[in-house]
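Protein sequences appear in the order of chains B and H. With this note's numbering, the residue at position 24 of the first sequence is 24, and numbering never jumps. Count along the second sequence from 1, add 1000, and you get the number used in this note's numbering.
Worth flagging that the hints you see were computed from the coordinates, not collected in a lab. Yeah, the Cβ is synthetic: ideal placement off N, Cα and C, and Gly gets one too. Be aware that one or more of the hints could be misleading.
[As the list claims (entries may be wrong)] Below, a list of computed lysine-lysine pairs in the BS3-like style, where the Cα atoms sit at most 25 Å apart:
#1 K1426/H <-> K137/B
#2 K1377/H <-> K426/B
#3 K1090/H <-> K1419/H
#4 K202/B <-> K1199/H
#5 K218/B <-> K199/B
#6 K1199/H <-> K1136/H
#7 K202/B <-> K1419/H
#8 K414/B <-> K1053/H
#9 K136/B <-> K1426/H
#10 K110/B <-> K1414/H
#11 K33/B <-> K52/B
#12 K1053/H <-> K1426/H
#13 K198/B <-> K1136/H
#14 K419/B <-> K53/B
#15 K414/B <-> K1135/H
#16 K46/B <-> K218/B
#17 K1414/H <-> K137/B
#18 K426/B <-> K1059/H
#19 K1110/H <-> K1218/H
#20 K414/B <-> K1137/H
#21 K426/B <-> K1371/H
#22 K143/B <-> K1053/H
#23 K1419/H <-> K134/B
#24 K419/B <-> K1202/H
#25 K1090/H <-> K426/B
#26 K202/B <-> K286/B
#27 K1419/H <-> K136/B
#28 K59/B <-> K286/B
#29 K1286/H <-> K1033/H
[Claimed, not checked] Away from chain B, derived, C-beta distances all over 12 Å, residues of chain H:
#30 A1009
#31 K1047
#32 S1050
#33 S1133
#34 E1153
#35 R1188
#36 K1195
#37 K1199
#38 K1202
#39 E1252
#40 L1283
In case you want the letters, here they are:
Protein chains: 2
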Amino acid sequence: METIKEKAANGIITEEMEIVAKEEALSPEYIMKGIAEGTIVIPFNKKHTSLKKIKGIGKGLRVKINANIGTSPYHMDLEEEIEKLEIALKFGTDSVMDLSLGSILNNVRKEIINRAPVMVGTVPIYQVGFELSKKKKSIEEMKIEDFLSVIREQAEDGVDFMTIHSGITMDAVNSMEKEGRILDIVSRGGAFLVKWMKKNGKENPLFTYYDEIISLLKEYDVTISIGDGMRPGAVLDSTDRGQIQELLNLGELAQKAWDAGVQVIIEGPGHIPLNEIEANVLLEKKLCQGAPFYVLGPIVTDIAPGYDHITGAIGGALAALYGADFLCYVTPSEHLKLPDTNDVKLGVIASKIAAHAVDIVRGKDTEWDRKMSESRKRLDWEEQINLSLDKEKARGYRESSEIGEENVCTMCGKYCAIKQIIEAEKG
Amino acid sequence: METIKEKAANGIITEEMEIVAKEEALSPEYIMKGIAEGTIVIPFNKKHTSLKKIKGIGKGLRVKINANIGTSPYHMDLEEEIEKLEIALKFGTDSVMDLSLGSILNNVRKEIINRAPVMVGTVPIYQVGFELSKKKKSIEEMKIEDFLSVIREQAEDGVDFMTIHSGITMDAVNSMEKEGRILDIVSRGGAFLVKWMKKNGKENPLFTYYDEIISLLKEYDVTISIGDGMRPGAVLDSTDRGQIQELLNLGELAQKAWDAGVQVIIEGPGHIPLNEIEANVLLEKKLCQGAPFYVLGPIVTDIAPGYDHITGAIGGALAALYGADFLCYVTPSEHLKLPDTNDVKLGVIASKIAAHAVDIVRGKDTEWDRKMSESRKRLDWEEQINLSLDKEKARGYRESSEIGEENVCTMCGKYCAIKQIIEAEKG
């Protein structure tokens, strides 16, 4: 079976390319060319039969957002994860990643895939750790076969894209350690692999056996999202040698996956100060030949636990403005606890705001803002509420205000500037 | 009496300059030179005797934030406004503006000034409108004497800076109308003046009698914050001819105020798409010879009523990154209703995040982020909470989580990356 990447390279326009072209108001040829070059991906595992909202990610397309959901060892509730999925969908997430840990992780993944009309991603090494622990083994005892068998199981389940930390090599870790960091590794997957490497005194097996991994992903046409295990976890650690050494690796790994006919996403930081975001996006685009860039936040300051949906929306908006393609949300509970349903909602909304603010710069979906502004001009409150990203929230504010007899809001009352100008125009 | 601007021009270092220099870790000479050139202001009316936290705004200093409070005709509660003041102070606002409308506006202003240890700003035309309405007159009947007498009253009360919309001229309004906008004027003060101009068929009296206004402000050493009555109220209206025509006026008006020895702040938009923010800041800095730029938001999309603290924080962070000096917060209730105490809190926090994210880029206060990151490395949760911008919020998240026996958080539990790396380092 040819993968979508191979079809694109052979000039074949598939149904998925046509769907994405239509949604993005671009030509199918543009999408095909982007996939062939690697600047666009359409993550879609044919076994994910509930996937109805096929989306493209990459150059020239709308900015896409992802919501991370999933259980933790201390908090496992399948129903709650399904609620999180539903609320993330309600507010417009383009994908979900199931990052479940704990004994019910396989059930959660299968349920989410079965119910998700959007693409689903995973980080297979979490399941690997779980399967090993069932056999009373630690992650350091992982064999490449353990990893491959989990990839196959998840691909059979219908996972559309998988985060695989193949770029975190001994070179990159040494680079980081020589330079020194406040917070060394903050990627869970990255930490598993560093433990493995230190214990076994060998190179990262996901790097060593990368060809085998790619070959298996190709079999199911699963997109690889190459993880950034070295991402900084503190704004003061950003853009250091370890991070950039790994990014160099990611570029080479992307090339190998493309050569094998597999679609590639590149994952990125993390915690970056505002003035380094542009360079981070540019470096990724240059070193990884334009592969779609998937950033986590980035968070632009560390001082606001409880509000990292905002620190992440600021960084995400800037990253997307400079060319990042895919924003992983951050919720208010980041750094403190597993997000609950409301955290997921706030995370998706903040991320959607960042993505849309860039979409309008890209000339997409400006009609939404136009209609809102026109309804403001008409003082048409019902329409303003209907056009709001969160209608309930907007309605709640409107209804809780002492509106009085005039068709205005309580901010200015009869002194409403819009009302005054309407009156002045009437003369 | 010499104003602070005149003293700076004469090479005199005042106590206020020394206070600001110390707080900013800069030399008193740097502050003096900035005030003399007009790139720095220290708004401080000597009659504001409760002002203990004297702050500078401008080039090379920390980014400052402002919280707008005040009553509306439909919602007047002095106690609530005092609560808003207190919560804004708690979360670190550098100034408050009292924008009260309605019959208690004079009481509210006096109370806020008496209680505010930070600088207080006002928009005097609101009181002018109120005083006229008491005499059964409309704003279109305003005489310049009405305006000057309100300025004097507010200056006597101790207002530190006043927004005066002298730049909204007939030229600028014509420019806007010829080009066309979705939402014409969204500035309350601007709308008052447009009504006045249209009714009287004369130039904006705050432009015509600018010298008289400046001369009065000089008497009390009150800083003028030249208002942007033409600011766009829709991202699709941004950076148009009307807005830039007014900005040209603001540059000339700034020069006149400086020549008279009065400190100047320039107000700016408003609603601007992400990709126009850099140019807006650059234009202000060029056309107004580096005068401190005070932006309202800017909001980067119109689709998120209920979340405009986030759309404003994104825009504010970017504006400050490019050189804006003073961020006016936006609250979640913007466009829907008068903010309540919780809205004020969320607005200040979002704005503070934006300001601090830029402060660390400017090399200021990076120790805050460093300490947070170090406490994360030590898994010291109490210290993380104590360092949080909103300690109660962070503590609430921490306490609501099923922490288990390990010193980690419920996001990853025992798979915490930081914990794993500590273990790996121990070997």
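Quick rundown of the hints versus the structure:
{"no.": "1", "hint": "K1426/H <-> K137/B", "in the structure": "holds (19 Å)"}
{"no.": "2", "hint": "K1377/H <-> K426/B", "in the structure": "violated (64 Å)"}
{"no.": "3", "hint": "K1090/H <-> K1419/H", "in the structure": "violated (34 Å)"}
{"no.": "4", "hint": "K202/B <-> K1199/H", "in the structure": "violated (82 Å)"}
{"no.": "5", "hint": "K218/B <-> K199/B", "in the structure": "violated (31 Å)"}
{"no.": "6", "hint": "K1199/H <-> K1136/H", "in the structure": "holds (17 Å)"}
{"no.": "7", "hint": "K202/B <-> K1419/H", "in the structure": "holds (21 Å)"}
{"no.": "8", "hint": "K414/B <-> K1053/H", "in the structure": "violated (35 Å)"}
{"no.": "9", "hint": "K136/B <-> K1426/H", "in the structure": "holds (21 Å)"}
{"no.": "10", "hint": "K110/B <-> K1414/H", "in the structure": "holds (24 Å)"}
{"no.": "11", "hint": "K33/B <-> K52/B", "in the structure": "holds (23 Å)"}
{"no.": "12", "hint": "K1053/H <-> K1426/H", "in the structure": "violated (48 Å)"}
{"no.": "13", "hint": "K198/B <-> K1136/H", "in the structure": "violated (82 Å)"}
{"no.": "14", "hint": "K419/B <-> K53/B", "in the structure": "violated (42 Å)"}
{"no.": "15", "hint": "K414/B <-> K1135/H", "in the structure": "holds (17 Å)"}
{"no.": "16", "hint": "K46/B <-> K218/B", "in the structure": "holds (12 Å)"}
{"no.": "17", "hint": "K1414/H <-> K137/B", "in the structure": "holds (15 Å)"}
{"no.": "18", "hint": "K426/B <-> K1059/H", "in the structure": "violated (44 Å)"}
{"no.": "19", "hint": "K1110/H <-> K1218/H", "in the structure": "holds (21 Å)"}
{"no.": "20", "hint": "K414/B <-> K1137/H", "in the structure": "holds (15 Å)"}
{"no.": "21", "hint": "K426/B <-> K1371/H", "in the structure": "violated (59 Å)"}
{"no.": "22", "hint": "K143/B <-> K1053/H", "in the structure": "violated (62 Å)"}
{"no.": "23", "hint": "K1419/H <-> K134/B", "in the structure": "holds (21 Å)"}
{"no.": "24", "hint": "K419/B <-> K1202/H", "in the structure": "holds (22 Å)"}
{"no.": "25", "hint": "K1090/H <-> K426/B", "in the structure": "violated (45 Å)"}
{"no.": "26", "hint": "K202/B <-> K286/B", "in the structure": "violated (30 Å)"}
{"no.": "27", "hint": "K1419/H <-> K136/B", "in the structure": "holds (20 Å)"}
{"no.": "28", "hint": "K59/B <-> K286/B", "in the structure": "holds (13 Å)"}
{"no.": "29", "hint": "K1286/H <-> K1033/H", "in the structure": "holds (18 Å)"}
{"no.": "30", "hint": "A1009", "in the structure": "holds (33 Å)"}
{"no.": "31", "hint": "K1047", "in the structure": "holds (27 Å)"}
{"no.": "32", "hint": "S1050", "in the structure": "holds (27 Å)"}
{"no.": "33", "hint": "S1133", "in the structure": "violated (10 Å)"}
{"no.": "34", "hint": "E1153", "in the structure": "holds (20 Å)"}
{"no.": "35", "hint": "R1188", "in the structure": "violated (5 Å)"}
{"no.": "36", "hint": "K1195", "in the structure": "violated (5 Å)"}
{"no.": "37", "hint": "K1199", "in the structure": "violated (8 Å)"}
{"no.": "38", "hint": "K1202", "in the structure": "holds (14 Å)"}
{"no.": "39", "hint": "E1252", "in the structure": "holds (25 Å)"}
{"no.": "40", "hint": "L1283", "in the structure": "holds (18 Å)"}
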